[in-house]
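K.L.:
Below are the chains, spelled out letter by letter.
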Amino acid sequence: MKILTGNDLKTGRVIWWDGQGWSLHVEDAADVHDDGEAILAREEAACRVNGPMFIEGERTAEGVRPAHIKDRIRALGPTVRADLTLKPADPNAGNWVI
Amino acid sequence: MYKYDQYDDAMVRARVEDFRDQTRRRLEGKMTDDQFKPLRLKNGLYLQLHAYMLRIAIPYGTLNSTQLRKLAHIARTYDRGYGHFTTRQNIQFHWIKLEDAPDILGELADVEMHCIQTSGESIRNISADHYAGAAADEIMDPRPWAETLRQMTTFMPEFSYLPRKFKICVIAAEEDRAAMRWHDFGLRIVKNEAGEIGFEVYPGGGMGRTPFIAYKSSDFVPQHQIFSYLQAVLRVWNRHARRDNIHKQRMKILVHELGEEEFTRQVEEEFRHILTLGTDFPQAEYDRIAAYFTPPPFETGLPEEIDRSDPDFAVWIDQQIAPHKAPGYAIVNVSLKPIGGIGGDITAEQMEVVADLAERYSFDELRVAHTQNLVLPHVRKADLYAVWQQLRDAGLADANLDLVTDIIACPGLDYCSLANARSLPVAARIAERFADPAVQHDLGELKIKISGCINACGHHHAGHIGILGVDRKGTENYQLLLGGSGAEDVSQAKITGPGFDEAGVVDAVERAVNHYRTIREPGERFIDTYRRVGMEGFKEAIYG
Numbered sequence: 001m002k003i004l005t006g007n008d009l010k011t012g013r014v015i016w017w018d019g020q021g022w023s024l025h026v027e028d029a030a031d032v033h034d035d036g037e038a039i040l041a042r043e044e045a046a047c048r049v050n051g052p053m054f055i056e057g058e059r060t061a062e063g064v065r066p067a068h069i070k071d072r073i074r075a076l077g078p079t080v081r082a083d084l085t086l087k088p089a090d091p092n093a094g095n096w097v098i
Numbered sequence: 001m002y003k004y005d006q007y008d009d010a011m012v013r014a015r016v017e018d019f020r021d022q023t024r025r026r027l028e029g030k031m032t033d034d035q036f037k038p039l040r041l042k043n044g045l046y047l048q049l050h051a052y053m054l055r056i057a058i059p060y061g062t063l064n065s066t067q068l069r070k071l072a073h074i075a076r077t078y079d080r081g082y083g084h085f086t087t088r089q090n091i092q093f094h095w096i097k098l099e100d101a102p103d104i105l106g107e108l109a110d111v112e113m114h115c116i117q118t119s120g121e122s123i124r125n126i127s128a129d130h131y132a133g134a135a136a137d138e139i140m141d142p143r144p145w146a147e148t149l150r151q152m153t154t155f156m157p158e159f160s161y162l163p164r165k166f167k168i169c170v171i172a173a174e175e176d177r178a179a180m181r182w183h184d185f186g187l188r189i190v191k192n193e194a195g196e197i198g199f200e201v202y203p204g205g206g207m208g209r210t211p212f213i214a215y216k217s218s219d220f221v222p223q224h225q226i227f228s229y230l231q232a233v234l235r236v237w238n239r240h241a242r243r244d245n246i247h248k249q250r251m252k253i254l255v256h257e258l259g260e261e262e263f264t265r266q267v268e269e270e271f272r273h274i275l276t277l278g279t280d281f282p283q284a285e286y287d288r289i290a291a292y293f294t295p296p297p298f299e300t301g302l303p304e305e306i307d308r309s310d311p312d313f314a315v316w317i318d319q320q321i322a323p324h325k326a327p328g329y330a331i332v333n334v335s336l337k338p339i340g341g342i343g344g345d346i347t348a349e350q351m352e353v354v355a356d357l358a359e360r361y362s363f364d365e366l367r368v369a370h371t372q373n374l375v376l377p378h379v380r381k382a383d384l385y386a387v388w389q390q391l392r393d394a395g396l397a398d399a400n401l402d403l404v405t406d407i408i409a410c411p412g413l414d415y416c417s418l419a420n421a422r423s424l425p426v427a428a429r430i431a432e433r434f435a436d437p438a439v440q441h442d443l444g445e446l447k448i449k450i451s452g453c454i455n456a457c458g459h460h461h462a463g464h465i466g467i468l469g470v471d472r473k474g475t476e477n478y479q480l481l482l483g484g485s486g487a488e489d490v491s492q493a494k495i496t497g498p499g500f501d502e503a504g505v506v507d508a509v510e511r512a513v514n515h516y517r518t519i520r521e522p523g524e525r526f527i528d529t530y531r532r533v534g535m536e537g538f539k540e541a542i543y544g
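Quick note, the sequences are listed as chains A and B, same order.
Mapping to the numbering used here: the first sequence position 9 is 9, numbers consecutive.
Mapping to the numbering used here: the second sequence position 341 is 341, numbers consecutive.
These are computed hints drawn from the structure, not numbers from a lab.
Errors might be hidden in some of the hints.
One side only, chain B facing chain A, incomplete, derived with CB under 7 Å [to be verified]:
hint: 1; residue: 49
hint: 2; residue: 97
hint: 3; residue: 102
hint: 4; residue: 103
hint: 5; residue: 274
hint: 6; residue: 275
hint: 7; residue: 302
hint: 8; residue: 317
hint: 9; residue: 341
hint: 10; residue: 413
hint: 11; residue: 425
hint: 12; residue: 540
hint: 13; residue: 543
Have a look at the derived ranges for each label pair, beta carbon to beta carbon [what the hints assert, rightly or not]:
hint: 14; chain 1: B; residue 1: 514; chain 2: A; residue 2: 95; range: 49 to 59 Å
hint: 15; chain 1: A; residue 1: 25; chain 2: B; residue 2: 139; range: 50 to 60 Å
hint: 16; chain 1: A; residue 1: 54; chain 2: B; residue 2: 277; range: 48 to 58 Å
hint: 17; chain 1: A; residue 1: 10; chain 2: B; residue 2: 472; range: 30 to 40 Å
hint: 18; chain 1: B; residue 1: 472; chain 2: A; residue 2: 54; range: 16 to 26 Å
hint: 19; chain 1: A; residue 1: 95; chain 2: B; residue 2: 472; range: 37 to 47 Å
hint: 20; chain 1: B; residue 1: 282; chain 2: A; residue 2: 54; range: 55 to 65 Å
hint: 21; chain 1: A; residue 1: 95; chain 2: B; residue 2: 259; range: 21 to 31 Å
hint: 22; chain 1: A; residue 1: 95; chain 2: B; residue 2: 389; range: 50 to 60 Å
For clarity, every value in this text was computed on a predicted model and none was experimentally measured.
Cβ atoms here follow ideal geometry from the backbone N, Cα and C, with glycine treated the same way.
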């Protein structure tokens, strides 16, 4: 699947296009198919996203999983600071990244 | 340390207000990202993996307690309660909001700090020996020269749009504690036979994709001609630099392509011309700056003896203390490399502890080392036990300076958008592997340096053992290097062979270390043994 992601312009937080708007959670990411460029142009013009880009991913039983480790780290948070990730209560969350 | 005058203050505050306006326009959509990006980078604001990252300049690694407390305040108020010291003696915060950035710059200006020269194609934060002003072996304090060069080059139009970044380092001792020869422009302050102060000059060094060790272009440039010499070097670089090719823009590439002899010839020709223009700075200006670096009022008649009856304290003393120029004083190295922790990271609470210690015991001064540790430069030996107790209570009393667990590591793929692989977990696993203090002390000086990409922020080229993280078809892979040094015995590490995964590289390091333990001769450090026997035996031990 083709995923649109970027960083929130104001906060810098990693965000994922969910089909309607931006989500902090990669599991909400939608497949933008051929609409990506139009969404990207609209969102950049609206000053909501910084550094937008398309990445590859796949749907798995555990939800959407970006193809590259860099994007999985972006999705979860630093692997060396579980307390700063989006899933601080899950001690195994880092395994999803690797 | 240097204090802002009204011009410094006005300049920095004007810069903050410029950036506030630029940020407002970006947030209102009146500026595109392409237009805004170079402006935020000139103020140290990067976009990294999880958020904006703000890199704050700490010129020549010198801070006072008020500044460190301000950094603690920023960590707590605008970030997530911690900061990360870098290999350029700076600090960076990884969770900054764009809308907060102008306010943070304003708060920094209140304590005479800024983020200028922490990004872009400029002269970057000038680094220096972190023992500057305290070391028993220094000819003089190198910081007045670092500050003078900083002032002469900041915002100077000729140096504002360089072909690429340019890094300067100033030291004043035979021992190189600052990786001076891995800089674009390294300076060692020396005395000639007449007792006059001048500079040995080493241009053309740098790490990154194409590493080079700086060569000596001059044995002695008289001290008050050094700005002209720097100008000459930069002009030769500006004239020939390959601005069309980002991989060839650094000055080290030009030095390599022209050759040292020809580069030196052109610099000297330019230097002679610049000297006729009389553009070197006036003595009075140097004297004004140097006055801020007058040594603190050291007490005399202090005891040299240290009560070593507490065994844990004795271990710490033996590892973390360096000789001071003033009798009765010591230089204290504060380790930011706890086993199980993240090298270079420090919490807001720890910053406040160190700030209090600096204020109470070290004439309100502290330093940041390029090795990502802190230094209390002027501590009475009689106060060492009290300092150690407070460091211990704050989790800052590891006794591992220059040992196998004192690992330099860049933020790597856990934070950095340029990285290909994670550095911090590898450093943590190696540190855990060698956690036993007895093993660490038995191994002695062993400098491991880890970079998460070819840009080499973790100085892997200069590691006794270096590790470079690369991307191999979407997975992390680690190359192992041996034989580098950033010290006065400078050398470039060489790749051992095929790379490893994360667990594999930790095992490979252990095999290399075990081989050293097996074949070392009395008194040999790891690097000495490697240089004596060469790569082959180590390769065999590593790969079997």
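K.L.:
Work down the list of hints and note, for each, if the structure agrees.
P.N.:
Structure-based check of all given hints:
1. 49: holds, 5 Å
2. 97: Where the cut-off is 7 Å and the nearest Cβ of chain A is about 5 Å from residue 97 of chain B, the hint holds.
3. 102: Constraint on residue 102 of chain B not satisfied, violated at 13 Å.
4. 103: violated, 13 Å
5. 274: violated, 42 Å
6. 275: Not OK, violated: residue 275 of chain B not within 7 Å of chain A, min 47 Å.
7. 302: violated, 42 Å
8. 317: Hint on residue 317 of chain B: violated, closest Cβ of chain A at ~31 Å, above 7 Å.
9. 341: Violated. Min distance 9 Å.
10. 413: holds, 6 Å
11. 425: Because about 6 Å separates residue 425 of chain B from the closest Cβ in chain A, which is inside the 7 Å limit, the hint holds.
12. 540: Since chain A brings no Cβ nearer than about 30 Å to residue 540 of chain B, farther than 7 Å, the hint is violated.
13. 543: violated, 24 Å
14. B:514 to A:95: 49 to 59 Å: Since the Cβ atoms of residue 514 of chain B and residue 95 of chain A sit about 30 Å apart, the hinted range of 49 to 59 Å is violated.
15. A:25 to B:139: 50 to 60 Å: holds, 58 Å
16. A:54 to B:277: 48 to 58 Å: holds, 54 Å
17. A:10 to B:472: 30 to 40 Å: holds, 36 Å
18. B:472 to A:54: 16 to 26 Å: holds, 23 Å
19. A:95 to B:472: 37 to 47 Å: violated, 20 Å
20. B:282 to A:54: 55 to 65 Å: holds, 57 Å
21. A:95 to B:259: 21 to 31 Å: violated, 52 Å
22. A:95 to B:389: 50 to 60 Å: 40 Å Cβ-Cβ, so the 50 to 60 Å window is violated.
Taken one by one, the earlier hints fail for this structure at numbers 3, 4, 5, 6, 7, 8, 9, 12, 13, 14, 19, 21, 22, listed in ascending order.
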